[in-house]
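**Q** These are the residues of each chain, in order.
Number of protein chains: 4
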Amino acid sequence: MSNIRGFASDNNSGVHPDILKAISEVNEGHVVGYGDDRYTAEAIEKFREVFGPDVEVLFVYNGTGANVTSIQALTRPFNAVICSDLSHIYVDECGAPEKLAGCKLLPVHASDAKLTVENIKQHIHGFGFEHHSQPKMVSITQVTEVGTVYTIDEIKAIADFVHSHGMYLHVDGARISNAAVALGCSFKEMTFDAGVDVLSFGGTKNGLMFGEAVVFANEKLAENVKYIRKQTTQLHSKMRYIAAQFKALLTDDLWKKNASHANKMAQILAEKVSGIPEIEITQKVEANGVFCIVPEKLIKPLQDEYFFYFWDEFRNEVRWMTSFDTTEEDVNGFVELIKKLLK
Amino acid sequence: MSNIRGFASDNNSGVHPDILKAISEVNEGHVVGYGDDRYTAEAIEKFREVFGPDVEVLFVYNGTGANVTSIQALTRPFNAVICSDLSHIYVDECGAPEKLAGCKLLPVHASDAKLTVENIKQHIHGFGFEHHSQPKMVSITQVTEVGTVYTIDEIKAIADFVHSHGMYLHVDGARISNAAVALGCSFKEMTFDAGVDVLSFGGTKNGLMFGEAVVFANEKLAENVKYIRKQTTQLHSKMRYIAAQFKALLTDDLWKKNASHANKMAQILAEKVSGIPEIEITQKVEANGVFCIVPEKLIKPLQDEYFFYFWDEFRNEVRWMTSFDTTEEDVNGFVELIKKLLK
Amino acid sequence: MSNIRGFASDNNSGVHPDILKAISEVNEGHVVGYGDDRYTAEAIEKFREVFGPDVEVLFVYNGTGANVTSIQALTRPFNAVICSDLSHIYVDECGAPEKLAGCKLLPVHASDAKLTVENIKQHIHGFGFEHHSQPKMVSITQVTEVGTVYTIDEIKAIADFVHSHGMYLHVDGARISNAAVALGCSFKEMTFDAGVDVLSFGGTKNGLMFGEAVVFANEKLAENVKYIRKQTTQLHSKMRYIAAQFKALLTDDLWKKNASHANKMAQILAEKVSGIPEIEITQKVEANGVFCIVPEKLIKPLQDEYFFYFWDEFRNEVRWMTSFDTTEEDVNGFVELIKKLLK
Amino acid sequence: MSNIRGFASDNNSGVHPDILKAISEVNEGHVVGYGDDRYTAEAIEKFREVFGPDVEVLFVYNGTGANVTSIQALTRPFNAVICSDLSHIYVDECGAPEKLAGCKLLPVHASDAKLTVENIKQHIHGFGFEHHSQPKMVSITQVTEVGTVYTIDEIKAIADFVHSHGMYLHVDGARISNAAVALGCSFKEMTFDAGVDVLSFGGTKNGLMFGEAVVFANEKLAENVKYIRKQTTQLHSKMRYIAAQFKALLTDDLWKKNASHANKMAQILAEKVSGIPEIEITQKVEANGVFCIVPEKLIKPLQDEYFFYFWDEFRNEVRWMTSFDTTEEDVNGFVELIKKLLK
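Chains as they are written, first to last, in the working numbering: chain R, 1 to 343; chain C, 344 to 686; chain D, 687 to 1029; chain G, 1030 to 1372.
Bear in mind the hints are in silico, worked out from the structure with no lab data behind them. Fair warning: there could be bad hints in the mix.
[Claimed, not checked] In silico DSS-like cross-links for lysine-lysine, where the CA-CA straight-line distance does not exceed 30 Å: (1) R:Lys264 - R:Lys343; (2) D:Lys807 - R:Lys297; (3) C:Lys364 - R:Lys256; (4) D:Lys942 - G:Lys1050; (5) C:Lys464 - G:Lys1326.
[Stated by the list, open to error] Listed below are several chain D residues computed to face chain G (Cβ distance under 10 Å; list not exhaustive): (6) Ser688; (7) Gly749; (8) His809.
We put the CB at the ideal spot given by N, CA and C, even for glycine.
I would like the entire structure built from these sequences, with the hints used as guidance.
**A** This is the structure we're talking about:
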């Protein structure tokens, strides 16, 4: 029985062969646990090459772990975090941010899931008023949950605004590689150069087996985070296996090859379906996701052959994600099937 | 540069080759994330073969995650959990149980780290008295943190006592394979047959790369645990890679081979050092750990060649852990070095 | 220096003389602390006369305490509570519900701050989906934060809907006496007869010095609440002083006299300002609050003589609350001042 | 039916008449809620007269509220608080400190319930080691839960030690007035002059109806505490009624009169029973509590006439507390009954 590649999620894909190889290569002998080993040091060094020498890097297991570790590091329970009402931290973490950080999340509605200085402002009040959770962090997702991408200028504008209110800017970068490719910029330009304070750097959706990184702009912001990671259950003992994956991802631009490919597959898919009048693309296709409204009768038969998820069941909006291992044949086969079903 | 095998911890070891192979074998195509895939189903089926058809199994990332998921599943924040004052949940999880479950941990002191009906009783009072955290769970560690092993009868006695007070019995089984080998019994006899309600089943310390399992005696006890796992940040997206490891571990008795070997290495080490008058073994060597007081002058030079940890610095007590990959040459070399240093 | 009565809040008022008298009358000798005394038993008995024999009643300090105790009693941290985005639990408790219950609050926007089956439905999904906080409670405020009142039928409709999804209905009744007066019904008809599961029964805003009550429809719902109240820091030692106040409030319809008077004052105020063309009343005046948009130039001089709060500073909307001790002279003086300032 | 004065607890007593009077005197007109009123300002001013001009003062409802507010202000969830295993925060708050602060409490055993540099040291390790909750606060109770009193020098020694490790010293002063009387010193000498960082200042056990104060040594320590108080459900709306009580307590030495009387009654009681050979006094009688082992046959009949609590049921140790309203007749009657029962 083989596992068909579908368009459900980039985390439905497997592990990139180079990553598997990197894992095997560190599988020798004993090294000290919990990150006090040379592989972890090397991986952190790679991050410093990419993000600048001042960043602090901690590896964790998954995106939720990275996000709640970031939030706890820079907030207290009486704080509020402003985020999109479509964001992963708001919708897809079963309340982990609220429970673990104790904070209130203040949702912002925007159809493209992008925060702006303008739409953030609705929550910028009540400072010093003890009855209100005190806004302390803005969290944006890059690439957003609907496949859109913030420009560097958009991030800078938010960062400046946020800092002018004594707040911090967090980026949930579960798909940050796809964003960097989309913008044609470096990670650093898009994040710390633009004023980001802390970044959840995604690995799993770009070919890793497990592992994300929490990256702080500087040491001071990361002051207590090692305790927070541990108390949040996100400290791995055999750390070399996360470290080796990240080192490989940041070596020879593997991150970029993977993300470029995924983005390209989404572009092709979007292009092909944009010519089908029964299908309405609902979001700009800027990274590796295609969101569109499709005739209801297509959905079940399509899912049977290429699994994917509803985005908004009420209006037959679906989400098609591409991945580092999506092939052009996958896309062609999928589009052919759509056309066949539409006849 | 090669990584010397030391005696620091069984989690300083790498990944068993059969586990790595199992990982590679599932690395094809796409499967649905978060455990809704056939590999996870197969791994759970393996657990049911081993533990009985009624158990509920959830995979998590690590031991702290397994423990706090277990505790949250069967307690409320106004409850208390009784445990050894040497236990991992009490000493080594940076307060994760208190923060995530909201519970009080009630410590019991025993030099062999083993709870008994007798020493538990000190905390069995105040039921119905709202000023006191209500005892609801007893948590034992098998193998204990000092290398001792509960007999089946000891576990049964605790389980009976605990249940007679409307409480639950949790086992932190980070090294449960070593215990099963030590007792020469099945996992089932030692746990659910003996009255255990929930088990943190350890994988990482017995040759896995990452992954532990939370195993409940029955479905009812596990009622809400899938939400708890998610909110605790312990739900992995690419679940097949944890599942494949556990399936391999429970296939062809790999767990037993690994644990038997580790235990045997500890026995050999203990035997050899027991003949050295300057060394005092401080705990029964029942599994894969040797605890002993050694002359201070040995410690640093020994650690330089074979890394290990202090257990009690004040009295020069050290902990030597063996692993599935410890060789008899490692043990011999270590003992020779001790003898050489003592001359 | 005397304290001018303003229109800021019903909690700016003092304590009703009958309540002060009731306090003095229990101030003799020793009684057991924490509610195990005859005064507390008598007060609970009064609640059972009013709400029916099955209710469970616990006294707490304040409204936030009553609300978070209610939420914790009927939810787990992976649950969500649906509420108005103008509600006290959402806006005015500095994140206490999120931190103490660990839950997510799901906001509903409605300009009159009233939930309906229709506007609740947007959050009724994702049951069984572990990535989403599981909706378990709907919380409505009666009287709402903008002075509107749910009819009994509206409450029944919500309760039926909520129960059909295995959820609970909570009422934040900080001003429930004003609502009962407005509807001309008993407390019981409006709450437990209509399907409410738990009620925060307000005292402080209706003439008490301190103290609110948490009232559960039945014993089963209140199973663990005494521990929750204690752990939430809401258990008073000298309980007789809260109990005596509530007994007095529920004796000889003191609650009704106070609330009727406050409501009547709001009616008079609304009637008088409704004739002033420069002022736009923005919400139905159904209880003891008048919300209106006033010319900006009036606000500061008015506040200097009769303190009150902005409701929405951006559009010069203000909130005028009346209280059991507001006099017709206060209202007349206030309206005269408005008219004078408008000239 | 009259309420016999017993020896159960100082919180079984009523409210001192001067306190009731002070409450009545502020019961006029409207004042702004939540502490922004002149009565609260006056009460805080009184505190600054007593404790020095730099202290920050916040009023809360009760002792548990004061303690968990103090802990949250100066710790993060990954911290640990060292305390006596007989302390109120450890034993009598149903896990509120663990749940609300998220911290671990590290218990110290001492038969007189007093911490010392020596017995604290067992927990002073693991700094910087992320697996361990990081010790950040020592909490002592003055008067202790067994009626003993720390000398100023003892407090200074602990404070110096604590500060030398970058930690804070908290005093649970539920009975701090009794301690000040016992030592014949001012509040200031015993607390902030001695190096205390934050104090839970008790009112309820010394004649108040409700209300405790959290007092910080300086503004910096209190930086975020107003949000913490609110989120902890401890902010009262009609604050003037707590403020008026505290102002009265600190005026004309009412606190001292009440505490002196209570202490004296305990001295008399202790003196009288010390002559009874069947009774063994188990703790130094330094404040307003007498702890002793009494013949089992006495306990039930004594309790029937003068209620009190067991301290240690296993050895028939009981606790007799005196209060501001205990009379010499009460003591004499009680002792006579003992003697009669012993015949």
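**Q** Against this structure, judge whether each hint is valid.
**A** Checked hints:
1. Of the pairs offered as hints, the one joining Lys264 of chain R and Lys343 of chain R holds, with about 27 Å between alpha carbons and a cut-off of 30 Å not exceeded.
2. For the proposed pair Lys807 of chain D and Lys297 of chain R, the alpha carbon gap of about 26 Å is at most 30 Å, so the pair holds.
3. For the proposed pair Lys364 of chain C and Lys256 of chain R, the alpha carbon gap of about 28 Å is at most 30 Å, so the pair holds.
4. At most 30 Å may separate the alpha-carbon atoms for a hinted pair to count; Lys942 of chain D and Lys1050 of chain G meet this at roughly 28 Å.
5. Among the hinted pairs, Lys464 of chain C with Lys1326 of chain G is consistent with the structure: their alpha-carbon atoms are about 26 Å apart, no more than 30 Å.
6. For Ser688 of chain D, the interface hint holds, the least distance from its beta-carbon to any beta-carbon of chain G being 6 Å, beneath 10 Å.
7. A least Cβ separation of about 8 Å between Gly749 of chain D and chain G falls short of the 10 Å threshold, and the interface hint therefore holds.
8. Hint status for His809 of chain D relative to chain G: violated, with the closest Cβ pair at about 24 Å, above 10 Å.
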